[in-house]
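Protein sequences, first through last, are from chains A and B. The working numbering applies: residue 1 is where the first sequence begins, and numbers increase by one. The working numbering applies: residue 1 is where the second sequence begins, and numbers increase by one.
Honestly, the hints are just simulated from the structure, not real lab data. Even glycine gets a Cβ: it sits at the ideal position worked out from N, Cα and C.
Part of the chain B face toward chain A, derived, beta carbon under 8 Å: (1) Met199; (2) Thr200; (3) Thr201; (4) Glu204; (5) Asp209; (6) Thr214; (7) Arg225; (8) Leu235; (9) Glu276; (10) Leu285.
Number of protein chains: 2
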Amino acid sequence: MKSLQDSTVAIIGLGLMGGSLALALHAKNACRKILGITRNPHTRAQVLARGIVANASADLDLAAEADIIILATPTQTILKQIPQVGTVARAGAIIMDLGSTKREIICAMQALPAHLDPIGAHPMCGKETFGFDAADANLYHNAAFVLTPLERTSPTALALAQSVAIALGARPIILDAVRHDRIVAAISHLPFTLAAALMTTANEFACTDEMVYTLAASGFRDTTRLAASDTTMMLDILLTNRENVVSAIHACSRHLAEMAEMIDRRDASALRAWLERAAISRRQLF
Amino acid sequence: MKSLQDSTVAIIGLGLMGGSLALALHAKNACRKILGITRNPHTRAQVLARGIVANASADLDLAAEADIIILATPTQTILKQIPQVGTVARAGAIIMDLGSTKREIICAMQALPAHLDPIGAHPMCGKETFGFDAADANLYHNAAFVLTPLERTSPTALALAQSVAIALGARPIILDAVRHDRIVAAISHLPFTLAAALMTTANEFACTDEMVYTLAASGFRDTTRLAASDTTMMLDILLTNRENVVSAIHACSRHLAEMAEMIDRRDASALRAWLERAAISRRQLF
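Let the sequences and hints guide you as you build the complete structure.
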């Protein structure tokens with residue numbers, strides 16, 4: 001069995017996630033060779049010039065010589081690229097992805113040829129900025145790095161995927177894909193939808209009063225931060241985790257309606273108890 | 001007319017807002033004398049020992065010698081203290097507050113004796129931490145500092161209130177109280193209710209899956225930050241701005257429902273346009 005140190009790693013997509021991965025693996029000298037696959041000629045020139053990758057191409061064929069192929073494109077692109085990678089990858093290659101939802105991706109991986117060794121992954125980190133220019137070798141530091149093995153995933157693939165996470169300074173966590181998707185709907189996709197809905201509501205207010213954004217302060221800034229996330233990435237996430245996201249939105253909407261109702265009927269003691277529970281749990285968490 | 005430099009300023013309430021105000025006025029040597037009024041004996045001892053105030057008391061009577069009295073307590077407390085301050089303050093004294101909602105406060109100020117000179121204020125800054133220990137001389141720096149004069153407010157009171165804002169490094173903005181309350185419902189109170197509802201929803205998920213908070217990352221942290229705000233302060237705010245808050249919650253809930261509906265029917269193009277509008281306006285704003 002090859003160690004990560006002896007492995008050639010092909011990274012498909014060199015945006016925020018893939019770019020940060022390439023920077024971190026390069027900085028730690030964690031693998032034998034990095035290959036970069038991206039359609040962006042400017043990014044290809046940059047990673048080659050900086051010596052981050054041994055080779056770069058717009059073509060998936062470059063991944064043919066890799067021991068580990070990591071898909072770091074938006075979720076719907078990953079779904080399209082999995083069968084393409086299946087025809088390119090050499091026997092025994094580990095096929096991994098960094099997609100933010102896992103159930104549909106695991107399903108697509110299930111259909112890969114038997115000589116390939118797939119495993120799902122989702123590092124719990126990110127920024128509202130995107131593209132290689134936003135990439136950061138420390139992005140993965142201390143992040144939970146979820147691994148969602150398939151039944152067919154070999155112990156070797158699992159061990160190497162864990163080595164990748166550890167090389168990045170992240171904490172590998174093995175989780176079932178269905179369970180992963182339910183959890184991230186609540187703590188990642190729901191916060192995004194709230195940020196986007198808040199921004200949309202404020203825009204509506206700003207249409208009739210030009211002072212609205214003059215008064216916006218740090219609370220508004222932080223609560224809306226995720227609304228600036230890459231639209232393509234978020235669209236793919238929402239559409240590949242539909243049931244969970246819709247049900248999380250409904251759960252949260254019920255709580256909002258409860259709150260509005262308590263405010264409306266001036267029920268100070270019920271509202272105080274409700275707000276205090278939320279405040280205490282937030283203070284315990286961070 | 002006295003300048004701020006020649007004025008004695010009494011601050012009622014030395015928590016995050018009043019404490020930061022005292023620290024800033026003291027650091028800039030902006031007024032003749034600061035008097036601190038707080039029920040907290042520990043805070044009184046601290047501000048006296050550090051020479052921030054000339055005198056400190058638990059009793060509003062201390063404000064009798066002040067030229068400017070600034071109420072920096074939670075909104076419902078301000079409403080109770082306004083008539084008490086009315087019996088204590090000397091003729092010509094400027095009565096100002098830092099409450100987060102303005103309509104009910106302006107209404108209470110209207111009933112003050114004619115020899116007093118009231119004006120409402122709301123500095124658009126804060127933190128989710130609270131109490132004098134969280135106070136920070138730079139809290140007001142660059143913040144919008146809303147002033148809501150009454151019809152009876154004298155030009156002197158308005159000028160001195162503007163001097164206070166400028167001394168703190170803030171930007172004074174004159175605004176009608178009704179308009180202020182409508183705006184802050186959208187850009188301040190709504191973000192808080194969303195943060196609290198998100199925290200409540202996540203707690204619900206965490207009840208049935210102990211991995212939920214293991215996967216929570218910076219997006220969840222930032223979007224829930226306001227949920228940790230002081231409950232008494234937020235309760236007062238929500239209850240003194242009921243109609244506006246409830247209507248902002250309803251507007252935002254409608255947008256959430258729209259989003260859930262687009263996700264549910266897989267309407268990628270409508271959803272993309274919707275998310276892109278929110279993303280672009282967020283990126284333009286900060």
